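Number of protein chains: 2
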Amino acid sequence: MRAQDEGGPGWGAGVPVEAHPALAAAAAAALDAYASATAAYDRAALSAVVADGADGTPTMRVDVLVEDAVLAALTPHPVNVLTEETGWVDNGSAFTLVMDPVDGSANAAAGVPLSAFSAAVAEDGVFTEALTVWLETGRSWWVRRGVPSPLRTTGRTEVAGAAVSLLRPHPADPGASAAWWEVARRAARVRILSTSCLEGALVAQGATDAFADAATDTHRLVDLAASVVLAEAAGGAVSDVFGRPITLDTDLTKRWSGIVAATPDLAGELAEILRTAFSADLRADSSADSSADSRADSRAGS
Amino acid sequence: MRAQDEGGPGWGAGVPVEAHPALAAAAAAALDAYASATAAYDRAALSAVVADGADGTPTMRVDVLVEDAVLAALTPHPVNVLTEETGWVDNGSAFTLVMDPVDGSANAAAGVPLSAFSAAVAEDGVFTEALTVWLETGRSWWVRRGVPSPLRTTGRTEVAGAAVSLLRPHPADPGASAAWWEVARRAARVRILSTSCLEGALVAQGATDAFADAATDTHRLVDLAASVVLAEAAGGAVSDVFGRPITLDTDLTKRWSGIVAATPDLAGELAEILRTAFSADLRADSSADSSADSRADSRAGS
Numbered sequence: 001m002r003a004q005d006e007g008g009p010g011w012g013a014g015v016p017v018e019a020h021p022a023l024a025a026a027a028a029a030a031l032d033a034y035a036s037a038t039a040a041y042d043r044a045a046l047s048a049v050v051a052d053g054a055d056g057t058p059t060m061r062v063d064v065l066v067e068d069a070v071l072a073a074l075t076p077h078p079v080n081v082l083t084e085e086t087g088w089v090d091n092g093s094a095f096t097l098v099m100d101p102v103d104g105s106a107n108a109a110a111g112v113p114l115s116a117f118s119a120a121v122a123e124d125g126v127f128t129e130a131l132t133v134w135l136e137t138g139r140s141w142w143v144r145r146g147v148p149s150p151l152r153t154t155g156r157t158e159v160a161g162a163a164v165s166l167l168r169p170h171p172a173d174p175g176a177s178a179a180w181w182e183v184a185r186r187a188a189r190v191r192i193l194s195t196s197c198l199e200g201a202l203v204a205q206g207a208t209d210a211f212a213d214a215a216t217d218t219h220r221l222v223d224l225a226a227s228v229v230l231a232e233a234a235g236g237a238v239s240d241v242f243g244r245p246i247t248l249d250t251d252l253t254k255r256w257s258g259i260v261a262a263t264p265d266l267a268g269e270l271a272e273i274l275r276t277a278f279s280a281d282l283r284a285d286s287s288a289d290s291s292a293d294s295r296a297d298s299r300a301g302s
Numbered sequence: 001m002r003a004q005d006e007g008g009p010g011w012g013a014g015v016p017v018e019a020h021p022a023l024a025a026a027a028a029a030a031l032d033a034y035a036s037a038t039a040a041y042d043r044a045a046l047s048a049v050v051a052d053g054a055d056g057t058p059t060m061r062v063d064v065l066v067e068d069a070v071l072a073a074l075t076p077h078p079v080n081v082l083t084e085e086t087g088w089v090d091n092g093s094a095f096t097l098v099m100d101p102v103d104g105s106a107n108a109a110a111g112v113p114l115s116a117f118s119a120a121v122a123e124d125g126v127f128t129e130a131l132t133v134w135l136e137t138g139r140s141w142w143v144r145r146g147v148p149s150p151l152r153t154t155g156r157t158e159v160a161g162a163a164v165s166l167l168r169p170h171p172a173d174p175g176a177s178a179a180w181w182e183v184a185r186r187a188a189r190v191r192i193l194s195t196s197c198l199e200g201a202l203v204a205q206g207a208t209d210a211f212a213d214a215a216t217d218t219h220r221l222v223d224l225a226a227s228v229v230l231a232e233a234a235g236g237a238v239s240d241v242f243g244r245p246i247t248l249d250t251d252l253t254k255r256w257s258g259i260v261a262a263t264p265d266l267a268g269e270l271a272e273i274l275r276t277a278f279s280a281d282l283r284a285d286s287s288a289d290s291s292a293d294s295r296a297d298s299r300a301g302s
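Those protein sequences? They're chains A and B, same order as listed.
Mapping to the UniProt record's numbering: the first sequence position 178 is 178, numbers consecutive.
Mapping to the UniProt record's numbering: the second sequence position 249 is 249, numbers consecutive.
Derived by calculation from the structure, the hints in this document are not laboratory data.
No experiment lies behind these values; they were computed from the predicted model shown.
For every residue, glycine included, the Cβ atom is placed at its ideal position computed from N, Cα and C.
Fair warning: there could be bad hints in the mix.
Said to hold, decoys possible - A short list of chain A residues far from chain B (calculated; beta carbon distances all over 10 Å):
hint	residue
1	106
2	149
3	208
Said to hold, decoys possible - The calculated label-pair distances, taken between Cβ atoms and stated as ranges, are:
hint	chain 1	residue 1	chain 2	residue 2	range
4	B	147	A	90	52 to 60 Å
5	B	161	A	148	44 to 52 Å
6	B	21	A	249	53 to 61 Å
7	A	265	B	88	43 to 51 Å
8	A	150	B	155	40 to 48 Å
9	B	161	A	40	20 to 28 Å
10	A	90	B	188	46 to 54 Å
11	B	243	A	243	46 to 54 Å
12	B	87	A	249	42 to 50 Å
13	A	265	B	43	18 to 26 Å
14	A	13	B	125	43 to 51 Å
Construct the entire structure; sequences and hints are all you get.
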C-alpha cells in the first residue's frame, strides 16, 4: 500500500489494536472472508440472491459468506449481535455489536472497489465505539467515546458550497426525487458512492461535508450506527430527515432517512431542505395520489 | 495491499513493465508526486487554485505538483505531450501522450480516495495504448492494441437493468438535467464517483456497465482518451452523445459528452436517450430561453 494510505488524522491501515476484542475479531474476519470470497467467486456468483435477510431485503452470496465468517469469529466473544442478514442475537451481554459485515454489497459483488465492514458497539444500549474498514484497501476509521480522536470534519455549516454524498435517487418516488434534486441544486457537488458506511466515514474524516438519504427511508440502523459514533467524535452530527431518533433498536424493519454532516447546523439545514422539498411535492400530488398523504403522515408521526 | 487488490483479468497492481517507456515513466512519477503532495499539503492547500489550465479551467495545486513531476520525468523520453494544464507540447515525435496526471482533482484535493493518473499513447495520430492508475491504491489498467487483453466488459446491451456512472448533474442546465434524470429513471443503478478515468476503467473491467457525461459537454480529450483504448480492448465502445468523433486533437478547448459502454449497442441506446431528453427539454424551453436553441444547434452542427 502506498504512503498516503498509511493514514491521516484519526484513520489508518487495518484493524486498530485498541478496538474492543469482539469488534476487532469481527473486522479481521470480514477482511479475510471478503478477500477469499472475491478470489473464489465471479460477479454472477457473488451477487446471486441466496436468501432473504432478517431486515426483509434480499441477501447476496457475498453478504452470507462474510457474515458467516464474522459470526464464527465471534464465538469466543459472546456479545449480543445485530446484523443485516441474521438479525438480533441476544447473548445476554452488556455489549451489542450493531454491524453491517459488507456495506455496499452491490459494489462488492460487481467489483466496484467501494465496500466496507462497519460496526458500532453499544454498551448497555448506548453507542460507545465504532469501526469502519474499507474492505478493498484495509483503510480504517475507529473511535471510542472518552478517547480523544484526531478525526475532524470539515466544519462546514451551510449547504451552499458543500460537497454532499447522496443515496442514489428513486425516480419512482416523486417526493424523494424532488428532495434529491433540491440538494443537488443547492450543493456545490454531489456524489453517489453507493456505500453508506464509507460515505459516513469520509464525512468524519473531513473529505466530504455530508452524506444523506434523500427522504427514501432506505437506511437501517446497521447503515448508520458506526457513522453516529465516528461523526460525533469528529465534531459532526447524525440525524434523520423526519426527526426520528437513531438509537439502539433490535427491530430490523425500522428505517431512517439518515444525514451524516460536518456540523449540527449543516445536518439541520439538509434535513429542512429535504423535508420541505419532499412535503411540497406530496402536497402538489395529493389529489392524484391518495397514498402520498398517508406516507407523509406516517413519517411525520414516527 | 490485500490479496484482492493484486488484480484480476486485465488489471493489476502498479505500473506494468510492458508499458511504453514514456507512459511508464509518467505514471511512476505521478504516483510518487501524488503521495508526496498529499503528505505535504492539507486539503485547503491542495485545492487552492494556482493557475488557469491550458484547457481554460482552473488549476489546483495538486494538479500542478503532479503534472510538473510527470513532465520532468518525461525529459529522457521526448514524445509529444497533451495535458490538461500545460496543453500541447510538440517534440516532433511520432508518439503523443494524451494525459490527465490527476483525474478526479476535486476528489484528490478533498481526500476522497478516488483519483487517477490516466494517459493514452497515440502513434502517428492513432490511439494504440493506454494506462489508468488509481493514485490512492496503485491499482492499474493497461492495454496495447495488438496485445490480447483479458479485460472484459459486462457485455450488457440495454440500459434497462444497467449500472451506469454519470457525471454529477448540472441543475442550472435544464436540457442536461432532463437527460441526467432520464438515465437515472431507466437504469437499475446510478453512481457519481467524480473521476471519469476510473469510471471508464471500471466499465472496461466489467464492474459497471457504462459511464456517461449527460450532455453537459464537460469531457475533454484527456478525460476520454485512455478509456477509448481500454474499453475497446475489452469489447466495449466509447462515443459522444452528439456523434462527434473522439480522436487526437491538440485543441484543448474542444469538449465532448462522452459515453463509455460495455457494448456498442449500450453506447448507442444511452446516446439516444440522452440526446432525446436533452433536445425535448430544449424544445419545451425554447420560447423562454433563446440561448438554448443556439446551444443545441452548436452541438448538432459539431
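Structure-based check of each hint:
no.	hint	result
1	106	violated (7 Å)
2	149	holds (16 Å)
3	208	violated (6 Å)
4	B:147 x A:90: 52 to 60 Å	holds (58 Å)
5	B:161 x A:148: 44 to 52 Å	holds (48 Å)
6	B:21 x A:249: 53 to 61 Å	holds (60 Å)
7	A:265 x B:88: 43 to 51 Å	holds (47 Å)
8	A:150 x B:155: 40 to 48 Å	holds (46 Å)
9	B:161 x A:40: 20 to 28 Å	holds (25 Å)
10	A:90 x B:188: 46 to 54 Å	violated (37 Å)
11	B:243 x A:243: 46 to 54 Å	holds (50 Å)
12	B:87 x A:249: 42 to 50 Å	violated (57 Å)
13	A:265 x B:43: 18 to 26 Å	holds (20 Å)
14	A:13 x B:125: 43 to 51 Å	holds (44 Å)
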